[in-house]
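J.: According to my numbering, the stretch in the sequence shown is residues 2 to 381, in order.
Honestly, the hints are just simulated from the structure, not real lab data.
It is possible that some hints are incorrect.
Claimed, not checked - Subject to a maximum C-alpha distance of 30 Å in a straight line, what follows is the list of computed DSSO-like cross-link-like pairs (lysine-lysine): (1) Lys139 x Lys125; (2) Lys125 x Lys179; (3) Lys125 x Lys210.
Keep in mind the model is a prediction, meaning the values are calculated, not measured.
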Amino acid sequence: MKFPAILLISLALAGCGGHEEPAKKRPTATPMAVTTATAEGSEWPTVREAVGTVRARVSGSVSSRIMAYVREVRVNQGDRVRAGQLLITLDAKDLDTSVRRAEEARREARSAEAEVESAIRAAKAQFDLAEVTFQRMKDLFDKKSISHQEFDEARARLQLARANHDMAVSRRRQLEAKIEQAEAAVGNASIMRGYAEITAPFAGVVTEKRVEPGNLATPGAPLLIIEQTGSYWLEVPVDESLLPSLRNGQRVEVKLEALARSFEAPVAEIVPSVDPATRSVMVKLDLPGQTGLRTGMSGRARFPGAVSKVLALPASAVRQQGSLQFVFVPDQGRARGRLVTTGEHRGGMVRILSGLSEGDSYIHPLPPTLIDGAPVEVSR
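Assemble the whole structure, with the sequences as input and the hints as a guide.
T.: Structure representation (structure tokens):
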């Protein structure tokens with residue numbers, strides 16, 4: 002059997018007033034002074050809610066630059082690391098051998114420096130002597146004091162001495178190039194050896210560990226994931242229709258259910274491209290100063306949309322009785338509870354979806370002792 006809504010309200014409200022004696026024994030109640038307000042339409046911005054994921058603003062993968070077996074992993078998931086801290090060591094036997102060979106080649110090249118310099122000095126002395134001798138023989142030849150043969154022999158000795166000196170200098174240049182190559186080889190071998198020790202690129206927390214000792218590390222394959230703590234944002238895919246109303250710095254209401262926390266967050270970045278599969282654009286909301294954040298947490302962001310005219314009342318004008326919500330309206334000198342359906346709460350106001358129309362009067366402020374059917378006197 003169905004009962005009228007007004008009867009249900011009366012029964013519910015009667016329960017708030019306690020036990021009442023029969024009317025014939027009840028004295029006449031003094032009307033309660035109340036004030037009324039008129040239900041009016043108000044501008045109510047529509048809100049689009051979107052679910053996003055908390056991400057660290059700075060996050061990076063740690064990988065190897067060489068192919069080698071992992072010898073030691075010094076961190077575990079959840080460990081905090083500092084910039085430059087040693088995280089992973091690789092097997093470096095072959096690399097150590099390469100460094101030793103390069104250093105031996107450099108020592109061998111440098112050991113020839115003294116011999117080459119000595120040869121240059123000797124060749125220079127021979128060249129200087131041959132040059133002085135040739136000049137003396139030329140003077141004698143000009144005076145007809147020596148023969149052509151003696152002069153030619155002096156000139157040949159000078160040319161030979163010059164060639165020997167040039168050859169010695171050329172050997173030094175070749176040796177210098179060889180030493181330079183050996184130095185470069187040592188440097189390259191040392192760099193490759195350094196790649197066997199993998200360090201943290203920045204301070205943060207290890208969020209993923211994908212390697213164990215004995216695994217083969219290959220260039221570019223992520224071994225660890227590190228994220229920088231203290232700097233997070235909420236990445237939220239938003240419908241492309243909201244793109245014209247979004248701007249950097251705009252403050253958006255955010256709720257993190259895992260932390261039972263709500264606050265406003267500014268828009269830090271709007272990705273310029275739209276995902277063709279979902280027709281959404283990625284918006285990143287800055288979360289500065291928020292403690293307890295973890296990558297992967299979910300959050301809800303409420304983006305303002307178009308403004309519409311709705312019926313909204315102060316939330317304090319609506320009384321909750323069990324699962325029912327109602328307002329009090331004056332009716333021929335008495336307060337009557339009227340069942341209403343409410344919507345979104347915002348800024349101390351609540352949207353009325355049904356049960357009350359624009360222009361209707363309702364009692365506000367709402368006396369806490371007011372019950373359905375109570376005599377009231379509306380103050381002007």
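J.: Starting from the hint list further up, note which numbers the structure goes against and sort them upward.
T.: Failing hint: just 3.
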